[in-house]
Structure formats: structure tokens, C-alpha cells
Amino acid sequence: DLRESYEGTPYNHACAVYEASQNTNLVQVGIRSMDAIETTIMDVEKTFFAHEMVDDDYWIDKVVDLLGENVFITFDLDALDPSIMPSTGTPEPGGLLWYETLDFLKQVFEEKNVVGFDIVELCPNSQDRSSDFLAAKLYYKMLSFKFKDEAVDDEYDNTYDMNTGGGNSSLPKFNDDDE
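Residue numbers (my numbering): 1222 to 1400.
The set of hints was computed from the structure by calculation and includes no laboratory data.
The reader is advised that the hints may include incorrect statements.
Pairs of lysine to aspartate or glutamate, EDC-like flavour, derived with a Cα cap of 16 angstroms [to be verified]: (1) K1362 to D1324; (2) K1358 to E1321; (3) K1369 to E1332; (4) K1283 to E1332; (5) K1369 to D1324; (6) K1362 to E1321; (7) K1283 to D1264; (8) K1283 to E1225; (9) K1369 to E1342; (10) K1327 to E1266; (11) K1327 to D1286; (12) K1362 to E1313; (13) K1283 to E1259; (14) K1267 to D1277; (15) K1283 to D1324; (16) K1367 to E1273; (17) K1367 to D1302; (18) K1267 to D1286; (19) K1283 to E1266; (20) K1333 to E1290; (21) K1358 to D1324; (22) K1283 to E1273; (23) K1333 to D1282; (24) K1283 to E1331.
In this text, all values refer to a predicted model and were calculated from it rather than measured experimentally.
Let the sequences and hints guide you as you build the complete structure.
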């Protein structure tokens, strides 16, 4: 995704991150393969290869330390291992797994100001919807990490009273007269 152009045009999936690499503090995580041209553009200090991350217990901390205070996350689904995300344009073995991905994202959301995020490169397959659900669940988790401390101001009583088995109602769950 770091090519300046591909097949004669800069408007291509293979060029999606090039502009960001020129104008932002781009940090790439979970990289498994690159074109030779991309290696000349990448910042080796800010590129975390999956095969190196496997043996580095501190890769999450290292990535978070490189990020600025305000962070925009583009989550390319082909960073995930095809065993859990087969429906992507370029499935590549050796990718990130679900719980390590959640641990990483949770730490980013806790330590940085995530100003926005997107999820890209889902290639839906009508024969297998598991990837669709994974992408939706990942988006839900990212929203949850972002807004976990936000108070919701609505009129719905979403508290649970252990004594009555329901919301803050003064009515018991079962009426004694019904026995």
C-alpha cells in the first residue's frame, strides 16, 4: 500500500498509504510482505514486521511510544491472519490474531487520543460471512474502547438492581400475591 503509483495511476489500493507516509507520522504494524519499491519508501524504525513481533513481548509498547498524541487508525484487515480473516484482497499467512489485536488497540485507545479510525480491505464472500462479522465486531470493539468512559445521557434506565432483578423499579420481580 506504499507505492507512489501502481499500474500507471496513483489512485489504486496499492497506493493508499503512500500519501500518509509523506505527510503524517505513519507507523505500520503487522507487515508481512512488501514490494521492493515500498522498502525504499518505508520508515524502517516505524515499521513492525509480523515475523519480528512474534518474538518481541514489548512490541505494543514500542508502537505506542512512536505514536503522536492524536492518532488516526486505519485498520487494514489484511493485517489479520487469514485463519481468522480470509475475506480480504491480499490474504497473507502469519498475520495478527484476534486477542493480540484487541490488546494492541485497547492500549492505543487508553494512552492516545484517537481522533478517528476506519477499517479497510474487507472483500465479502457470499459463501462465508465470518469475515463480515469479524470486521463488524472489530469496529464495535474500537468504538467501545473509544467511548468506554463516556456517560450516556438518555432517558433509558440501563441500571440493574440485584434486589429486583431489573432496572431501578420499585416493583418486585414477582408479586407475593401470585404465589
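Hint check results:
1. Annotation: proposed proximity of K1362 to D1324 holds, straight-line Cα distance about 11 angstroms (limit 16 angstroms).
2. With a C-alpha separation of about 15 angstroms, the suggested pair K1358 and E1321 falls inside the 16 angstroms cut-off, and the hint holds.
3. For the given pair, K1369 sits about 13 angstroms from E1332 by alpha-carbon distance, which is consistent with the 16 angstroms threshold.
4. Restraint check for K1283 and E1332: satisfied, since their Cα atoms lie roughly 13 angstroms apart, inside the 16 angstroms limit.
5. Distance check on the hinted pair: K1369 and D1324 sit about 15 angstroms apart at the alpha-carbon level, within 16 angstroms; holds.
6. For the hint linking K1362 to E1321, the alpha-carbon distance of about 13 angstroms falls within 16 angstroms, and the restraint holds.
7. For the hint pairing K1283 with D1264, the CA-to-CA distance comes to about 15 angstroms; that is within 16 angstroms, so the pair holds.
8. At roughly 27 angstroms between alpha-carbon atoms, K1283 and E1225 are farther apart than 16 angstroms, so this suggested pair is violated.
9. Distance check on the hinted pair: K1369 and E1342 sit about 26 angstroms apart at the alpha-carbon level, beyond 16 angstroms; violated.
10. The hinted pair formed by K1327 and E1266 fails the criterion: a straight-line CA distance of about 22 angstroms is larger than 16 angstroms.
11. Proximity of K1327 to D1286 is assessed by CA-CA distance (about 14 angstroms); at most 16 angstroms being required, the pair is judged to hold.
12. A threshold of 16 angstroms between alpha carbons decides the hint, and for K1362 with E1313 the separation of about 24 angstroms lies outside it, so the pair is violated.
13. Of the supplied pair hints, the one linking K1283 and E1259 is violated, its CA atoms being roughly 22 angstroms apart against a limit of 16 angstroms.
14. Pair hint K1267 plus D1277 holds up; C-alpha atoms about 15 angstroms apart against a cutoff of 16 angstroms.
15. Distance restraint check for K1283 and D1324: the Cα-Cα separation of roughly 14 angstroms lies within the 16 angstroms cut-off, and the hinted pair is therefore satisfied.
16. Annotation: proposed proximity of K1367 to E1273 is violated, straight-line Cα distance about 28 angstroms (limit 16 angstroms).
17. Taking the CA atoms of K1367 and D1302, the gap is about 24 angstroms. The hint is violated against a cut of 16 angstroms.
18. Distance hint between K1267 and D1286 is fulfilled; the C-alpha atoms sit about 10 angstroms from each other, no more than 16 angstroms.
19. Under the criterion of a C-alpha separation no larger than 16 angstroms, the hint pairing K1283 with E1266 is consistent with the structure, at around 10 angstroms.
20. Restraint check for K1333 and E1290: the C-alpha separation of about 5 angstroms stays at or below 16 angstroms, so the hint holds.
21. Between the alpha carbons of K1358 and D1324 the distance comes to roughly 14 angstroms, so the proposed pair stays at or under 16 angstroms and holds.
22. The straight-line distance between the Cα atoms of K1283 and E1273 is roughly 12 angstroms, inside the 16 angstroms bound, and the hint therefore holds.
23. For the proposed pair K1333 and D1282, the alpha carbon gap of about 12 angstroms is at most 16 angstroms, so the pair holds.
24. The suggested pairing of K1283 with E1331 holds, with an alpha-carbon distance near 15 angstroms, which does not exceed 16 angstroms.
In this structure, the hints that do not hold are numbers 8, 9, 10, 12, 13, 16, 17, in rising order.
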